[in-house]
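S.K.: Using the sequences plus the hints, can you model the full thing?
2 protein chains.
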Amino acid sequence: MQSVTLKVQGMSCNHCVNSIEGAVKQLGANAKVDLSAGTVTVEFNESNITLDSIKEAIEEQGYDVIN
Amino acid sequence: MQSVTLKVQGMSCNHCVNSIEGAVKQLGANAKVDLSAGTVTVEFNESNITLDSIKEAIEEQGYDVIN
Ligand SMILES: [Cu+2]
Ligand SMILES: [Cu+2]
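Protein sequence lines correspond, in order, to chains E and V. Residue 5 is where the first sequence starts when you use my numbering, and the numbers rise one by one after that. Residue 5 is where the second sequence starts when you use my numbering, and the numbers rise one by one after that.
You may find that some hints are simply not true.
Chain copies aren't distinguished; within one or between two, either way the pair holds.
Unchecked claim - Restricting the straight-line Cα-Cα distance to at most 25 Å, the calculated cross-link-like pairs of lysine to any residue (SDA-like) are:
#1 K29 to E64
#2 K11 to E25
#3 K11 to L55
#4 K36 to N49
#5 K29 to I70
#6 K36 to G26
#7 K59 to N49
#8 K59 to G26
#9 K36 to E47
#10 K59 to H19
No lab work stands behind these hints: they were computed from the structure.
M.R.: Shown next, in the form of C-alpha cells:
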C-alpha cells in the first residue's frame, strides 16, 4: 500500500468531495479530500493501480492535479 | 408566471448549480443559478406553487436563502 497526498485545484464543496472520492473508489483505491487544504490523499496498491490512473480519474471529474 | 431573483449563499460549483436547479425543477418550477452573482432566478406559476416552497427546496439542498 502506498499513500500519496496530491495538491488539487478547483474543489469547493461536498459535491466535489463526493465526486472525487467516488471516482477514485471506482478504481479500487481510496481517497480522502481535505477541502480547506486543497489536497487529496490517496491510498492504493501499487501492484494493481498506478498513481497516474488515479490522477486521470480526478482530472476527468473536472479538477486540476498540480502534483 | 412570476420571476423572482433570490440571493443564495454557499453555491460554489456546477454541482451546486445542478442540485439547486434540479430541486426546483422537481417542484414544477424553473431556476437559473448565477454562480458569480450568488443568485438564483426562479420562475413559477404562483397559482400552483409558493415562493416559500421554492426557498425551502433550496435550503434543503444545503444553501442559505438570504432574501
Ligand atoms: Cu463542488
Ligand atoms: Cu458545489
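S.K.: With reference to the structure, classify each hint as holding or not holding.
M.R.: Now for the hints, and whether the structure bears them out:
1. In this homomeric assembly, K29 and E64 come within 25 Å of each other (Cα to Cα) only inside a single copy, at 14 Å, whereas the closest approach across copies is 27 Å.
2. For the identical chains of this complex, K11 and E25 are intra-copy neighbours only, at 14 Å inside a copy versus 30 Å across copies, given an alpha-carbon limit of 25 Å.
3. Proximity of K11 to L55 under the C-alpha cut-off of 25 Å is restricted to the intra-copy arrangement: shortest distance 13 Å within a copy versus 41 Å between copies.
4. In the homo-oligomer, the alpha carbons of K36 and N49 lie at most 25 Å apart inside one protomer (15 Å), although the nearest pairing across protomers, at 43 Å, exceeds that limit.
5. Taking the closest pair of Cα atoms, K29 and I70 come within 25 Å of each other only inside a single copy of the chain (20 Å); across copies the shortest separation is 37 Å, beyond that limit.
6. Proximity of K36 and G26 under a CA criterion of 25 Å is satisfied intra-copy only: 10 Å inside one chain copy versus 27 Å between copies.
7. Only within a single protomer do K59 and N49 lie at most 25 Å apart by alpha-carbon distance; the minimum there is 15 Å, versus 46 Å between protomers.
8. Taking the closest pair of Cα atoms, K59 and G26 come within 25 Å of each other only inside a single copy of the chain (13 Å); across copies the shortest separation is 29 Å, beyond that limit.
9. In this homomeric assembly, K36 and E47 come within 25 Å of each other (Cα to Cα) only inside a single copy, at 9 Å, whereas the closest approach across copies is 39 Å.
10. In this homomeric assembly, K59 and H19 come within 25 Å of each other (Cα to Cα) both inside a single copy, at 18 Å, and across copies, at 20 Å.
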